[in-house]
Amino acid sequence: MDMNLVAGKNILVMGVANDRSIAWAIAQSLASHGARLVFTYESERVEERVRKLADTIPNSVILPCNVTSDEDIEKLAGALKEQFGVLHGIVHSIAFARTEELEGLFVNTSRGGFALAHDISAYSLVAVAQKLYPLMTEGGSIMTMTYLGAERAMKNYNVMGIAKAALEASVRYLANDLGQYNIRVNAISAGPIRTLAAKGIKDFNSILKTVEEKAPLRRTTETAEVGDTALFLPSIPRDYRRSDLCRRRVPHCRRLILQL
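Counting along the sequence shown from 1, when you hit position 189 you're at 189 in the UniProt record's numbering, and nothing is skipped either side.
It is possible that some hints are incorrect.
[Claimed, not checked] No more than 30 angstroms apart at the CA atoms, straight line, and that leaves these computed lysine-lysine pairs for DSS-like:
1. K75 - K131
2. K81 - K131
3. K52 - K131
4. K75 - K52
5. K81 - K52
[Stated by the list, open to error] Across the chosen pairs, the derived CB separations fall in these ranges:
6. K81 - K155: 43 to 49 angstroms
7. D177 - F106: 26 to 32 angstroms
8. A7 - E100: 43 to 49 angstroms
Honestly, the hints are just simulated from the structure, not real lab data.
Think of the CB as a built atom: it goes at the ideal place given N, C-alpha and C, for glycine as much as any other residue.
Required output: the full structure, derived from the provided sequences and hints.
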């Protein structure tokens, strides 16, 4: 597999919060192989952090986008078209749920909490793909991040697990729609990683400890490994044009299936 296929490609990276973000690890892998990156930030609160990181990558660009706003997404599409013309890839690493919706019994999930988690964690992928796929005139790759909680009921994950299940279903339907335009859509299941988002999950350290004790390699997945997995997806030859769930839980399952 020629990883240099990303050289000179314009790739949008959404979801960088700090230098421990999965999105940042992916960005570093892509940049190291010559991709030209565009970062987004949701608000002024995170702009400075994202800008400092983006400044370490030559020729990168930073643009605002709150994925709960259709207007923001349309403005992003306009800015990308004006500055680059063509987009070759999208990294969607965005998810959110209120802390109180993650703890206790799932049956107590509020209507507002359910809607918010799905809007940001699942529908945002659809909304972004809807406005940006017309810019992917040369084909390309759209990828997002999921988790085992989409398949299994996991303590303290609750509504986020349901949102991730919706995200995975969205990946399949988007892949079905966009395959005709030579656009692949994939989800990467990375396993538990110590990120800013993970801090919102109660007893997360115990999850990491369990993985370290039971995994064959006796360790958890590292963000750099997820970055390398993400690098593989836009580097796939043009003959491969479908979708699947890419599992990058290093100590557990190392399955990557591409449907022709």
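Quiz item: Going back to the hint list, which numbers does this structure go against?
Solution: Failing hints: none at all.
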